Amino acid sequence: MTAPAILPARGLADRLTGTFWRRPGLLLVLLITPPLLWLGVVYLGSLAALLLQSFYSIDEFSGVVKEEFTLKTYAELFRAQNLDIIIRTIVMAMAVTLACAVLAFPIAYYAARHAKGAWKAAFYLGVMLPLWSSYLVKVYAWKLILAKEGILGWAAEGTGTGFIIDGILSIPGLEGSSLSTSPFGTFLVFVYIWLPYMILPMQAALERVPNSMLEASADLGATRGQTFRTVILPLALPGVIAGSIFTFSLTLGDYIIPQIVGDSSRFIGLTVYQLQGTAGNTPLAAAFAVVPILIMLVYLSLAKRAGAFNAL
Amino acid sequence: MTAAVEFLTVSRHFGTVKAVDGVDLTIAEGSFFAMLGPSGSGKTTCLRLISGFEKPTGGTIRIFGEDVSNTPPHLRNVNTVFQDYALFPHLNVRDNVAYGLMVKGMGRTARHAKAEEMLALVKLDGYGDRKPAQLSGGQRQRVALARALVNEPRVLLLDEPLGALDLKLREAMQDELKALQKRLGLTFVFVTHDQHEALSMADRLAVFNEGRIAQIGTPQDIYDRPATRFVADFVGSSNVLPPELTRALGGPTQWASLRPEATQLAATGPVQGTVTALRYLGSGTRVVIDAGGTEIAALVPAGQPVPAEGATTAFAFDPAALHLMEGS
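In order, the protein sequences belong to chains A and B. For the first sequence, the residue numbers in this note's numbering are 1 to 312. For the second sequence, the residue numbers in this note's numbering are 1 to 328.
Please keep in mind that the hints were generated in silico from the structure rather than gathered at the bench. As the structure is a prediction and not an experimental result, all values here were calculated from the model. We treat Cβ as the ideally placed atom computed from N, Cα and C, and that holds for glycine. Each hint should be verified, as a subset may be incorrect.
Straight-line distance between alpha carbons at most 25 Å, and here's what the computed SDA-like set of lysine to any residue pairs gives [stated by the list, open to error]:
| hint | chain 1 | residue 1 | chain 2 | residue 2 |
| --- | --- | --- | --- | --- |
| 1 | B | LYS104 | A | PRO234 |
| 2 | B | LYS131 | A | LEU206 |
| 3 | A | LYS304 | B | ARG108 |
| 4 | A | LYS304 | B | ASP129 |
| 5 | A | LYS116 | B | GLU54 |
| 6 | B | LYS131 | A | ARG305 |
| 7 | B | LYS18 | A | GLU215 |
| 8 | B | LYS131 | A | THR230 |
Label-pair distances were calculated between CB atoms; the ranges are [unchecked claim]:
| hint | chain 1 | residue 1 | chain 2 | residue 2 | range |
| --- | --- | --- | --- | --- | --- |
| 9 | A | ARG113 | B | SER39 | 20 to 28 Å |
| 10 | A | VAL102 | B | SER69 | 33 to 41 Å |
| 11 | A | ILE6 | B | ASP125 | 49 to 57 Å |
| 12 | A | ARG113 | B | GLY163 | 21 to 29 Å |
| 13 | B | GLY163 | A | ILE168 | 57 to 65 Å |
| 14 | B | PRO72 | A | ILE168 | 39 to 47 Å |
| 15 | A | THR17 | B | LYS55 | 51 to 59 Å |
| 16 | A | LEU36 | B | LYS104 | 48 to 56 Å |
| 17 | A | ARG22 | B | GLY138 | 33 to 41 Å |
Let the sequences and hints guide you as you build the complete structure.
As structure tokens, then:
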């Protein structure tokens, strides 16, 4: 007896896999529909609802939202007081991103190109560990560290370097009775909290640069500095951009750190929180929330034009 | 004439691993030199010692008479074609080729003109605006070649440059590389694990084994007169005779090699064997005989009778073709 060319289907599972094999499109549709629905309806849908809200306005007497299309709410963004908030937030986000990039690069470079085995594990642990503990606890801890009687002030006094802190606190725009009530303190805490989000994508980008590429550069006569500028940096740039998207947009949206550390001046996130909660001005809150989106779009298109994604 | 590259008892040890161990080597200017060996035999480390990516732990390396043992890669007038080509993905083909000129500070117009010239040399005119990702493997290989040649190196190093190409392309590139080397009159140092590639392309070659050179010579030397059993085995196609068999065939008790072309079948002889395999080659038939556990291949020219598989036969050979080898 010869064996049959086609084996009989053993139950439902065999028939199902058979159907999927014959019609691979069906399987794709089944697999991709739920996440696509999530992305389309829940994620982008709520964003669209937000956009819609920003085109409504609030009745100044009754405080009720008028569901009529208007640009009045956007015009409110350009009031001096609101413009101040936007500019302050952008300046802070840029400073935090820049500081994170400068701090993260050597760390990411070392981890990607030199660390091996146990050192690499230590690196991952060191970068990720702060992410596992509560954000609020870390921010409050920093408030204590930066306070006048805090460990930083104590150490500065003990080493006679208190003049550095006093110097920073006397810079116009950074004034405060201590670092924990100065905008500089807000900046420090932002940099600390968001640093891992800059290190990880940078490290991933640097890790993908093969050694032979650096050798090829040296082989063709490039010094280490030239190799860094013309090969390593351009290849790491997509990672730097990815990291800066994180640090930039997280700073734009955060509303807790400026409440706890700093001089209580308002940032976009905090303003949205207050407008939404206590003031009940949802349209203006929505309009404020659109600002970071626009900033990110402008930033990304500038980065693209500068060739930041050429290596992708 | 000074040698292009000279190794004087050069070693490169990594801890207890002796990647390169006391190698002496002279590569003549203008020659096509191949370094052949299995992976881990030290051939690539030797290439990296010439390019400067490895520093010798012992001995002296000279390039055109100058001691380069302490010269960093970017100051050596030597360029490399890398195994994975290592083209810069963020630069287009023209800028890849012009890279070596760019880091030397040559102006944009001048270096682009030179790059186009190099692209024409490797028959890639008109590809300057493409990104490496848009090229086929063979085209990338040519870009890597053009990029390495743009600096006008005195020695060009090639690290298994044809390994990633398919057979047909590889054969075409072999001919092209050889022609290019002749035309430019450059010294090419070529690393490969493919014995056919090494034998067919090189003027001279070194066979590496365990960090040392097992034999150095012309392809004919290596093929006809392998110095050791390892060389005979690795270069292949020669019959390797153990000492007892050599003695039974009338030679001394020593390892020997015997080329299949020099081996004929005979009705009687001191050693008999069973035919185990036949392979028709067109110009003749390769007959494999099992002589007491040792496989001996003989080439029967076309038109002569070929024994059947399983038949018992003896064999004869030209005594001058029996080549004795060192070692046990």
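Verification of the hints:
no.	hint	in the structure
1	LYS104(B) - PRO234(A)	19 Å, holds
2	LYS131(B) - LEU206(A)	20 Å, holds
3	LYS304(A) - ARG108(B)	23 Å, holds
4	LYS304(A) - ASP129(B)	19 Å, holds
5	LYS116(A) - GLU54(B)	20 Å, holds
6	LYS131(B) - ARG305(A)	17 Å, holds
7	LYS18(B) - GLU215(A)	23 Å, holds
8	LYS131(B) - THR230(A)	16 Å, holds
9	ARG113(A) - SER39(B): 20 to 28 Å	25 Å, holds
10	VAL102(A) - SER69(B): 33 to 41 Å	38 Å, holds
11	ILE6(A) - ASP125(B): 49 to 57 Å	56 Å, holds
12	ARG113(A) - GLY163(B): 21 to 29 Å	26 Å, holds
13	GLY163(B) - ILE168(A): 57 to 65 Å	59 Å, holds
14	PRO72(B) - ILE168(A): 39 to 47 Å	42 Å, holds
15	THR17(A) - LYS55(B): 51 to 59 Å	58 Å, holds
16	LEU36(A) - LYS104(B): 48 to 56 Å	53 Å, holds
17	ARG22(A) - GLY138(B): 33 to 41 Å	38 Å, holds
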